[in-house]
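Participant: Residues per chain, in single letters:
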Amino acid sequence: MNSQLKVIGKSILIKLPVFLFCVGYMSLHNHFFGTDNSVVGVVF
Amino acid sequence: MQNNMGYQTKQATPMILVLFLIVAIGPKLSLMNPYIGLVVNVICIFSILVLSSHNITMSNHVAFMMGYLMCQGYDVSGVIYGKRVVSLLISAMIVMGMYYVMNRKKEYKRTLKDVFQEIDIHSTRTQWYIKLTLTICMVTFVGNLLHYPRIMWINLVILSLVTPLEEEHRLRRMSRVPATILGAILFFMVFEWWIPTEYHQIIILLAGFGSMFITSYFIKTIYNSFSALIAAVLLFSAKDAMVLRVISNLIGVAIAIVSSYLFQLFFNTFRNVTFGGTNHGSKLNGEYH
Chain A
1 MNSQLKVIGK
11 SILIKLPVFL
21 FCVGYMSLHN
31 HFFGTDNSVV
41 GVVF
Chain B
1001 MQNNMGYQTK
1011 QATPMILVLF
1021 LIVAIGPKLS
1031 LMNPYIGLVV
1041 NVICIFSILV
1051 LSSHNITMSN
1061 HVAFMMGYLM
1071 CQGYDVSGVI
1081 YGKRVVSLLI
1091 SAMIVMGMYY
1101 VMNRKKEYKR
1111 TLKDVFQEID
1121 IHSTRTQWYI
1131 KLTLTICMVT
1141 FVGNLLHYPR
1151 IMWINLVILS
1161 LVTPLEEEHR
1171 LRRMSRVPAT
1181 ILGAILFFMV
1191 FEWWIPTEYH
1201 QIIILLAGFG
1211 SMFITSYFIK
1221 TIYNSFSALI
1231 AAVLLFSAKD
1241 AMVLRVISNL
1251 IGVAIAIVSS
1261 YLFQLFFNTF
1271 RNVTFGGTNH
1281 GSKLNGEYH
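These protein sequence lines are chains A and B, in that order. Start counting the first sequence at 1; every next residue gets the next number (this note's numbering). Start counting the second sequence at 1001; every next residue gets the next number (this note's numbering).
Calculated directly from the structure, the hints in this document are not laboratory data. Some hints could be false.
[Claimed, not checked] Derived, one-sided and incomplete: chain A residues facing chain B with beta-carbon distance under 7 Å:
id : residue
1  : V7
2  : K10
3  : F19
4  : F21
5  : Y25
6  : G34
7  : T35
8  : D36
9  : V39
10 : V43
The C-beta atom is built at its ideal place from N, Cα and C for all residues, glycine as well.
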């Protein structure tokens, strides 16, 4: 059980910075290029 | 990061810029009128597939095709279109830089010229290029003539279902509609019944994070349905968006099945006429690097 939790925790910690980067990137993208162009940010 | 285009890095890197330019210019040109759009779409979509998808196992075409279809679906004009082009060019520069750094030391024998020379109607790859290009272009053409409100949704279903490998195609089309309906129901329950409006942004962020762990096509389709509906409620009421999403998926699945059947029939007939029934066709030519 503990090892399973460790694996889950590890995978969350690995993906969290990527996710935070995506959120930050999308916010900046929307700020500079407008929310109408958010599709480009999503594709990137 | 590990993706490659299957041909020499020095030639593949500038082709990324060409692909982004197609995404920037093609959708705008295609929306001038349905007839010009048909020609523009055929040229642009076929070019995207040839340039990005020689190594079909990498599915490089997905990002560019999604970009193309989404830019077509969410058209903008004036200053905002200018910003879209700038944004795509900046994205292209970043992707080119990353691609070159990651692939500069890898040796690929194949050149861009080889990629074009390997276009052969008897190969599975080229048959898939033709099938996907013509299906999406015809759907867009007919959809524009009929003023269907969300052609993009039908096209994204076709992009997802018309794959080079028949087995993958079969498994995907079986789960597409039930997963879409589940996603739509989940969306309706979460946004209309369970969660108050002030928490919607948090749910969208959590759903986005959760999507990073999804590997199953069925669950991914539920998520896609959910997130597409979030975007669609800006244009439609939640109920209309749900109905439209489910109908678009049903149409997309039906078209993908019929198109696969008809094209397979055509390619088989063509092979029999050309080779008199021998099995020279259905090959994935030149898998060397």
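Participant: Minimum Cβ distance from A:Y25 to chain B below 7 Å?
Facilitator: 11 Å, violated
Participant: The hint names A:V7 as touching chain B; please verify it with the least Cβ-Cβ distance against 7 Å.
Facilitator: Violated. Min distance 12 Å.
Participant: Can the hint on A:G34 be confirmed by a CB-to-CB distance to chain B that is less than 7 Å?
Facilitator: 5 Å, holds
Participant: Should the hint that A:F19 touches chain B count as held when the rule is a Cβ pair under 7 Å?
Facilitator: Interface hint status for A:F19: holds (5 Å vs cutoff 7 Å).
Participant: Does A:F21 hold up as a contact with chain B if the rule is Cβ-Cβ below 7 Å?
Facilitator: 11 Å, violated
Participant: For the restraint on A:V43, tell me whether the closest CB of chain B is nearer than 7 Å.
Facilitator: At about 4 Å, which falls below the 7 Å cut-off, the nearest Cβ of chain B leaves the hint on A:V43 intact, so it holds.
Participant: Under the criterion of a CB-CB separation shorter than 7 Å, is A:K10 in contact with chain B as hinted?
Facilitator: 12 Å, violated
Participant: Double-check A:D36 for me: the hint is only fine if its C-beta lies closer than 7 Å to a C-beta in chain B.
Facilitator: Holds, because the Cβ-Cβ distance from A:D36 to chain B comes to roughly 5 Å (cut-off 7 Å).
Participant: Interface hint check: A:V39, Cβ to nearest Cβ on chain B, cutoff 7 Å. Holds or violated?
Facilitator: At about 4 Å, which falls below the 7 Å cut-off, the nearest Cβ of chain B leaves the hint on A:V39 intact, so it holds.
Participant: Hey, does the A:T35 contact hint survive, CB to chain B under 7 Å?
Facilitator: Status violated, d = 9 Å.
Checked against the numbered hints above, the structure breaks hints 1, 2, 4, 5 and 7 and satisfies the rest.
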